[in-house]
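Let the hints inform the model, and build the full structure from the sequences given.
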Amino acid sequence: MTDIRLWNTRTRQKERFEPLDPGNVRMYVCGPTVYDRAHLGNARPVVVFDVLYRLLRHVYGPGQVTYVRNITDVEDKIIARARENGEEIDALTRRTTAWFHEDMAELGVDYAGDPQFREPHATDYIPQMVEMIAALIDRGHAYEAEGHVLFAVESYGEYGALSGRSVEDMIAGARVEVAPYKKNPMDFVLWKPSAADEPGWESPWGRGRPGWHIECSAMSHALLGESFDIHGGGIDLQFPHHENEIAQSCCAHPEGRFARYWLHNEMLQVEGRKMSKSLGNFFTVRDLLDRGVPGEVIRFVFLGTHYRKPMDWTEEKAREAEAVLRKWRAQTAAVDAGAPDPELTAALADDLNTAGAIAVLHRLSSAGDAVALKGSAALLGLLESGMGAWTETGRDRLDVLAAKLSAARARAVDAKDFSEVDRLKAALVAAGVEVRMSKAGVELVPGAGFDPAQLEALE
Numbered sequence: 001m002t003d004i005r006l007w008n009t010r011t012r013q014k015e016r017f018e019p020l021d022p023g024n025v026r027m028y029v030c031g032p033t034v035y036d037r038a039h040l041g042n043a044r045p046v047v048v049f050d051v052l053y054r055l056l057r058h059v060y061g062p063g064q065v066t067y068v069r070n071i072t073d074v075e076d077k078i079i080a081r082a083r084e085n086g087e088e089i090d091a092l093t094r095r096t097t098a099w100f101h102e103d104m105a106e107l108g109v110d111y112a113g114d115p116q117f118r119e120p121h122a123t124d125y126i127p128q129m130v131e132m133i134a135a136l137i138d139r140g141h142a143y144e145a146e147g148h149v150l151f152a153v154e155s156y157g158e159y160g161a162l163s164g165r166s167v168e169d170m171i172a173g174a175r176v177e178v179a180p181y182k183k184n185p186m187d188f189v190l191w192k193p194s195a196a197d198e199p200g201w202e203s204p205w206g207r208g209r210p211g212w213h214i215e216c217s218a219m220s221h222a223l224l225g226e227s228f229d230i231h232g233g234g235i236d237l238q239f240p241h242h243e244n245e246i247a248q249s250c251c252a253h254p255e256g257r258f259a260r261y262w263l264h265n266e267m268l269q270v271e272g273r274k275m276s277k278s279l280g281n282f283f284t285v286r287d288l289l290d291r292g293v294p295g296e297v298i299r300f301v302f303l304g305t306h307y308r309k310p311m312d313w314t315e316e317k318a319r320e321a322e323a324v325l326r327k328w329r330a331q332t333a334a335v336d337a338g339a340p341d342p343e344l345t346a347a348l349a350d351d352l353n354t355a356g357a358i359a360v361l362h363r364l365s366s367a368g369d370a371v372a373l374k375g376s377a378a379l380l381g382l383l384e385s386g387m388g389a390w391t392e393t394g395r396d397r398l399d400v401l402a403a404k405l406s407a408a409r410a411r412a413v414d415a416k417d418f419s420e421v422d423r424l425k426a427a428l429v430a431a432g433v434e435v436r437m438s439k440a441g442v443e444l445v446p447g448a449g450f451d452p453a454q455l456e457a458l459e
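Residues 1 to 459 (my numbering) are what the sequence shown spells out, left to right.
None of these hints come from the bench; they were simulated from the model.
If you're wondering where the values come from, they're calculated on a predicted model, not measured in any experiment.
All C-beta atoms, glycine included, are put in the ideal place defined by N, C-alpha and C.
Treat the hints with caution; some may be incorrect.
[To be verified] Computed spacing ranges between beta-carbons, pair by pair:
#1 256 - 127: 50 to 60 Å
#2 80 - 236: 12 to 22 Å
#3 334 - 356: 23 to 33 Å
[Claimed, not checked] Computed cross-link-like contacts, PhoX-like style, restricted to lysine-lysine with a CA-CA straight-line distance of at most 25 Å:
#4 416 - 14
#5 416 - 439
#6 327 - 416
#7 277 - 317
Structure, rendered in structure tokens:
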């Protein structure tokens, strides 16, 4: 069996992955808060942990891995956006959840029909949250104050172990809500009262709704148990969200170990700058798709950078990725996928070294091993049949132009005037088309920077 090694954020070192039960490997990843389109940064962990899921299934078997990624459908941002739109919260969350599924499917992340994938919605687990909060109060780790229930940070001696900061440092460097009912500024909300026009559920502490952190703890416990293998998410969730999850889960279920391996992906930039609406470089996944950037290209660019390094999205990277994928798809179009190359599997098993895995794909392409190329790419979620429609764009035009160039060449041979052939070739090259002419005929292949729109004037 392949030896997987993962960087554990909690221990700050790369460790050999040893699941609690090799026949039941369990992973939880924080999913979206559904009130708008997923932006490019939201999509990165979705792709990163999809690759990890693929690797785990490859190593342990498809039926031996359970993957849980939640939907947060009750949260203050959702309430605020529904008010802003003048719509019901349920309508907003249903629509934006559907958007999320559609956009992520374009990136090759689609678990429809996968019995090992679970997607709990927070609003379906309110009773479990209430039960966990009550247990925390009973154990002396939480207290009620003015309709709120708060977790007492000082009651958990290991608070701060994940982020490596003391409570004092956190108070000094964090933006914490200063409220008179808090015993400690770092104490966080487990339950809060709801106004009449806000979503709410009855509880021992009055009508209200859960805090964000307790949602993931309750859902992971309900679906994966007191101890499970991997917890993942973006580095922006390390503190306070994941720190708080650990505290409340370990205190509510001290007999368990909660998550054993913590994985965090780094942040995303655009053209070397932090993504920001004020800078005009803020993109949703749908923005790029609507501009004609294929989902497979977005995925390829993501995988070109190691998940623990900041990733820079650039138009140049997208163009290069498109050219490579077109070439590889042409190479593998007529073959069935073989087994993944052992070197590629080894790269992924080394803390998800996707950049190293892509280097293996380049080697296989250069060697002309189309069968291994296709099978190896599948482990990265690339070159799969459901994602290739974008490469057919302009294919019909290329066929027409190939016939036109072939006829022009025949006329040129008779007239000994190749000016028209040269003109067509130059225009095709300018449109990003590779022109291959031989005795057998003319072949036109989309290359780097292929732009089907530029072909219109040549037909």
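Hint by hint, which ones does this structure get wrong, listed from lowest number up?
1, 4 and 6
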